[in-house]
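The lines below spell out each chain.
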Amino acid sequence: GESVGLHLPTLSVQEGDNSIINCAYSNSASDYFIWYKQESGKGPQFIIDIRSNMDKRQGQRVTVLLNKTVKHLSLQIAATQPGDSAVYFCAENNQAGTALIFGKGTTLSVSS
Amino acid sequence: DTAVSQTPKYLVTQMGNDKSIKCEQNLGHDTMYWYKQDSKKFLKIMFSYNNKELIINETVPNRFSPKSPDKAHLNLHINSLELGDSAVYFCASSQGGGSYEQYFGPGTRLTVT
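Chains Y and X supply the protein sequences, listed in that same order.
Quick note on numbering: the working numbering labels position 86 of the first sequence as 86, and the sequence is numbered without any gaps.
Quick note on numbering: the working numbering labels position 62 of the second sequence as 62, and the sequence is numbered without any gaps.
Think of the hints as simulated: they come from the structure by calculation, not from any bench.
Predicted model, so just to flag it, every value in this text is computed and none were measured.
Hints may contain errors.
Some but not every residue of chain X turned toward chain Y, in silico, with C-beta under 10 Å [unchecked claim]:
no.: 1; residue: N50
no.: 2; residue: G98
no.: 3; residue: G107
Derived pair list, reagent style DSS-like, types lysine-lysine, alpha-carbon separation capped at 27 Å [to be verified]:
no.: 4; chain 1: X; residue 1: K52; chain 2: X; residue 2: K22
no.: 5; chain 1: X; residue 1: K67; chain 2: Y; residue 2: K71
no.: 6; chain 1: Y; residue 1: K68; chain 2: X; residue 2: K52
no.: 7; chain 1: X; residue 1: K71; chain 2: Y; residue 2: K42
no.: 8; chain 1: X; residue 1: K40; chain 2: Y; residue 2: K42
no.: 9; chain 1: X; residue 1: K40; chain 2: X; residue 2: K71
no.: 10; chain 1: X; residue 1: K44; chain 2: X; residue 2: K19
no.: 11; chain 1: Y; residue 1: K68; chain 2: X; residue 2: K44
no.: 12; chain 1: X; residue 1: K22; chain 2: X; residue 2: K36
no.: 13; chain 1: Y; residue 1: K42; chain 2: X; residue 2: K44
no.: 14; chain 1: X; residue 1: K41; chain 2: Y; residue 2: K71
no.: 15; chain 1: Y; residue 1: K56; chain 2: Y; residue 2: K68
no.: 16; chain 1: Y; residue 1: K104; chain 2: Y; residue 2: K56
no.: 17; chain 1: X; residue 1: K19; chain 2: Y; residue 2: K42
no.: 18; chain 1: Y; residue 1: K42; chain 2: X; residue 2: K9
no.: 19; chain 1: X; residue 1: K40; chain 2: Y; residue 2: K104
no.: 20; chain 1: X; residue 1: K36; chain 2: Y; residue 2: K42
no.: 21; chain 1: Y; residue 1: K71; chain 2: X; residue 2: K19
no.: 22; chain 1: Y; residue 1: K68; chain 2: X; residue 2: K9
no.: 23; chain 1: Y; residue 1: K42; chain 2: Y; residue 2: K68
no.: 24; chain 1: X; residue 1: K52; chain 2: Y; residue 2: K71
no.: 25; chain 1: Y; residue 1: K68; chain 2: X; residue 2: K67
no.: 26; chain 1: Y; residue 1: K68; chain 2: X; residue 2: K19
no.: 27; chain 1: X; residue 1: K41; chain 2: Y; residue 2: K104
no.: 28; chain 1: Y; residue 1: K104; chain 2: X; residue 2: K36
Think of the CB as a built atom: it goes at the ideal place given N, C-alpha and C, for glycine as much as any other residue.
If we strip away everything but chain X, and leave its shape as in the complex, we get (with noise of 0.2 Å):
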């Protein structure tokens, strides 16, 4: 039983393309998140969501959109990828907001090309 899970795992890409990385958690939890780690490891929150609701809005471009069709289910989508876009994205969830566990799924690699 997967907690938090992702797809796809890789996704290679050209500059230019627009692409979605998909997140489901089973654990009943309120809040999702998206992660961005770079390549010195660094893990910066971009999105949260309460409940379907944004709560979180980071210092992102516009490109980059959430979308909860559901509690269980925090999408991203991305406009117009460009190289510097290039990192692993985390999904990750809790059942309250910054002072839970939150629980990580296992990443998604993307490289723009």
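Isolated chain Y, as found in the complex (with noise of 0.2 Å):
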């Protein structure tokens, strides 16, 4: 079936450090990519996203990685701030694409 998990559910890290959120996914036909970030109370808000005829995408901060051969996708964030602390979720579409298929999600500490 279709399912996209998260390789850690915590990470912590200190202010300042670089981050990286990996999520592994199943579908071998997923054509696009997303990172959430949700915050305590909120409803998910986007990051960035991915197609697949891509592997990299920057935005300001952050990174994505899509490795298809592996079916690897990763997050990263430089200088991680304190307001980066929250749940982060990776999603595909699905096989229809005619929805987003959502990881488990992983929750990012940092310390100051």
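Dock the two chains into a complex; use the hints.
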């Protein structure tokens, strides 16, 4: 079946460090991937997305890497700040392209 | 300007009651969704509507019934509430299906006692 998972449920870093959050996906036919950030008490917020015709995409302080060979997605956050503390979800589109399938989430804790 | 709004934000009710959650988006999107987030933060899609037409209806008890009066609104009605329905429910919208960014509402925390 379709599933998206994350390697680690929690990640703790120091302020100023770079953070890497990993995600494995199972559907080799998925062509759209997306990362969301969810702060406590709020809805998921878009961070960055990538389509399968790319292997890297950069935003402001964030980079998403896509390795289709091993079906792996990662989110890199540069110079992590306390405000980055949240739960991070990766998601892929389903086989029909009608919905997103979410992974289990990684809780990022940033200490100053 | 709130892109996707939900009401109420909190809902506490007793088992057996019927309740509704409302969702509105002002983004002009054609597709709207309902997700359920459990206590372990797992987000699972429940329903998807495209231009008022039901597209996705995941394995959800038929006590849950979505209704889309127009493409800017997608409401969720729940009959005969059970303890296991306690969760946070999120509405979302996107310009297309699963290959586009979805915008989420703030969530409705439902507690069934």
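Quiz prompt | Hinted pair K42 (chain Y) and K9 (chain X), Cα distance within 27 Å | solution = holds (10 Å)
Quiz item: Is the straight-line distance between the alpha-carbon of K42 (chain Y) and that of K68 (chain Y) 27 Å or less?
Solution: Given pair K42 (chain Y), K68 (chain Y) is violated - Cα atoms ~31 Å apart, limit 27 Å.
Quiz item: Hey, does the G107 (chain X) contact hint survive, CB to chain Y under 10 Å?
Solution: holds (5 Å)
Self-check item: Pair hint K41 (chain X) and K104 (chain Y), alpha-carbon separation not exceeding 27 Å
Solution: Status holds; Cα separation ~7 Å.
Self-check item: Hint consistency between K40 (chain X) and K104 (chain Y) [alpha-carbon to alpha-carbon, up to 27 Å]
Solution: holds (8 Å)
Quiz item: Holds or violated: K68 (chain Y) with K19 (chain X), Cα cutoff 27 Å?
Solution: violated (44 Å)
Quiz item: Are the Cα positions of K71 (chain Y) and K19 (chain X) separated by 27 Å at most?
Solution: Violated. K71 (chain Y) to K19 (chain X) sits at ~41 Å, over the 27 Å cutoff.
Quiz prompt | 27 Å limit on alpha-carbon distance, applied to hinted pair K42 (chain Y) and K44 (chain X) | solution = holds (16 Å)
Practice problem: Measure nothing beyond the straight line between the CA atoms of K104 (chain Y) and K56 (chain Y); if it is 27 Å or shorter, mark the hint as holding. | Solution: holds (22 Å)
Exercise. Given the hint that K44 (chain X) pairs with K19 (chain X), test it: the Cα-Cα distance must not exceed 27 Å.
Key: Status holds; Cα separation ~20 Å.
Quiz item: Are the Cα atoms of K71 (chain X) and K42 (chain Y) separated by 27 Å or less?
Solution: holds (24 Å)
Practice problem: Verify the proposed pairing of K67 (chain X) with K71 (chain Y), using a straight-line Cα cut of 27 Å. | Solution: violated (37 Å)
Hint check: violations occur at hints 5, 6, 9, 21, 22, 23, 24, 25, 26; the rest are consistent with the structure.
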